[in-house]
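**Student:** In case you want the letters, here they are:
Protein chains: 2
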Amino acid sequence: MRFSPLLSELIDSLTCLPGVGKKSAQRMAFHLLERNREGALKLSTVLHNAMEHIRHCSQCRTFTEKDLCEICAHPQRSESGVLCIVESPQDVLAVEQTMAFDGTYFVLMGHLSPIDGIGPEEIGLTILESQLKENPVSEVILATNPTVEGEATAHYIAQLCAKYKIKASRIAHGVPVGGELEYIDGNTLTHAFSGRRTL
Amino acid sequence: MRFSPLLSELIDSLTCLPGVGKKSAQRMAFHLLERNREGALKLSTVLHNAMEHIRHCSQCRTFTEKDLCEICAHPQRSESGVLCIVESPQDVLAVEQTMAFDGTYFVLMGHLSPIDGIGPEEIGLTILESQLKENPVSEVILATNPTVEGEATAHYIAQLCAKYKIKASRIAHGVPVGGELEYIDGNTLTHAFSGRRTL
Chain A
1 MRFSPLLSEL IDSLTCLPGV GKKSAQRMAF HLLERNREGA LKLSTVLHNA MEHIRHCSQC
61 RTFTEKDLCE ICAHPQRSES GVLCIVESPQ DVLAVEQTMA FDGTYFVLMG HLSPIDGIGP
121 EEIGLTILES QLKENPVSEV ILATNPTVEG EATAHYIAQL CAKYKIKASR IAHGVPVGGE
181 LEYIDGNTLT HAFSGRRTL
Chain Y
1 MRFSPLLSEL IDSLTCLPGV GKKSAQRMAF HLLERNREGA LKLSTVLHNA MEHIRHCSQC
61 RTFTEKDLCE ICAHPQRSES GVLCIVESPQ DVLAVEQTMA FDGTYFVLMG HLSPIDGIGP
121 EEIGLTILES QLKENPVSEV ILATNPTVEG EATAHYIAQL CAKYKIKASR IAHGVPVGGE
181 LEYIDGNTLT HAFSGRRTL
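Protein chains in written order, with UniProt numbering: chain A, 1 to 199; chain Y, 1 to 199.
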């Protein structure tokens, strides 16, 4: 015996969510059926709308249902002439929450990873190149993750900037504020030493 | 800055799933948008159908989109004359997987819990009583969970059975097969001793 066909289908469909296996999907299905049918119906509608309407911003490639995202559409932001390059829309949010940056972004939606077949084209570097050619910015801040792939991507984009004589900078890597030296890994500490600044 | 309105709404809606907070919902939304729009659209449809069509079986109260669930509709199962009472549809599945029971079920969809306002009516005991009155079974097996509420519920239903002179039995509680005495909690061990059987 299995659950009724429709219930089995619901459980199967819920496993499309990341980190949700058979057991969690079962728990979710029963929770929604027993306690939150209204929420589930709303989720169904929003899910449909989101999948149908959310596209990439034509300028920075982040997710948005409009042609230009809020930041790209903001006149003062594009005037600043500073472009920050990040790997994902979540990174945009993280930078925005610091309130320390008032330029525009370019979201790669990934990083260079030739082994997975992800080249410059896939992470939108052709779009970025044409943007740099047409509207040169005063500085490009490379805020990709400090992983091997992130570093390689930053390096690649730095070369691209050099080609158009645009200043490229990399965000600092070092000891996190509030962190204790004792517990910092060697790699980070090496970065902290090589990136030291004169006081 | 926040995400675009539709994306924020999607993230909010995903938190209606149990065990999914803001961060997990964000991760899910981005995963679906980036990698599995098709799966998300399917989930949206199935979710809608399930919430609209899945109701309770008119006989055993489990979830089904038909009037009678598969087990209640099975002629041989109702002939056996044994009724097993469980707390949830998941429990039905657990018992079914043992292949050791061929009677029918009654699903309480909860347990007696006066403190939360859950009385006999809420867990379908009025329906159960009228069923026992009209179609007396030869035995009622009480398979509620061995928690305080589960025991109280079992006790209440046993009294109901006594009223209609129906044999009521409780599933055995004791040391799980494959378990080691050393690691079993005292409560379970007490049950195992008081429920001992002559060999």
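No lab work stands behind these hints: they were computed from the structure. Since this is a predicted model, take the numbers as computed values, not measurements. One or more of the hints may lead you astray.
Copies of the same chain are indistinguishable here, so a pair counts whether it falls within one copy or spans any two.
In silico lysine-lysine, BS3-like type, Cα no more than 27 angstroms apart, as pairs [unchecked claim]: (1) Lys163 with Lys66; (2) Lys23 with Lys66; (3) Lys22 with Lys66; (4) Lys133 with Lys163; (5) Lys165 with Lys133; (6) Lys167 with Lys133.
**Student:** Does each hint fit the structure? Answer for all of them.
**Tutor:** Outcome of the hint check:
When the C-alpha separation of Lys163 and Lys66 is checked against a cutoff of 27 angstroms, the pair qualifies neither within a copy, at 32 angstroms, nor between copies, at 67 angstroms. Taking the shortest alpha-carbon separations for Lys23 and Lys66, only the inter-copy value of 24 angstroms comes in at or below 27 angstroms, while the best intra-copy value is 37 angstroms. In the homo-oligomer, the alpha carbons of Lys22 and Lys66 lie at most 27 angstroms apart only across protomers (23 angstroms), although the nearest pairing inside one protomer, at 36 angstroms, exceeds that limit. Taking identical chains as interchangeable, the C-alpha atoms of Lys133 and Lys163 lie at most 27 angstroms apart only when both belong to the same chain, with a minimum of 10 angstroms there against 88 angstroms between chains.
For a Cα distance limit of 27 angstroms, the shortest separation of Lys165 from Lys133 inside one copy, 10 angstroms, qualifies, whereas the shortest one across copies, 89 angstroms, does not. Taking identical chains as interchangeable, the C-alpha atoms of Lys167 and Lys133 lie at most 27 angstroms apart only when both belong to the same chain, with a minimum of 14 angstroms there against 86 angstroms between chains.
The earlier numbered hint that this structure contradicts is number 1, and it is the only one.
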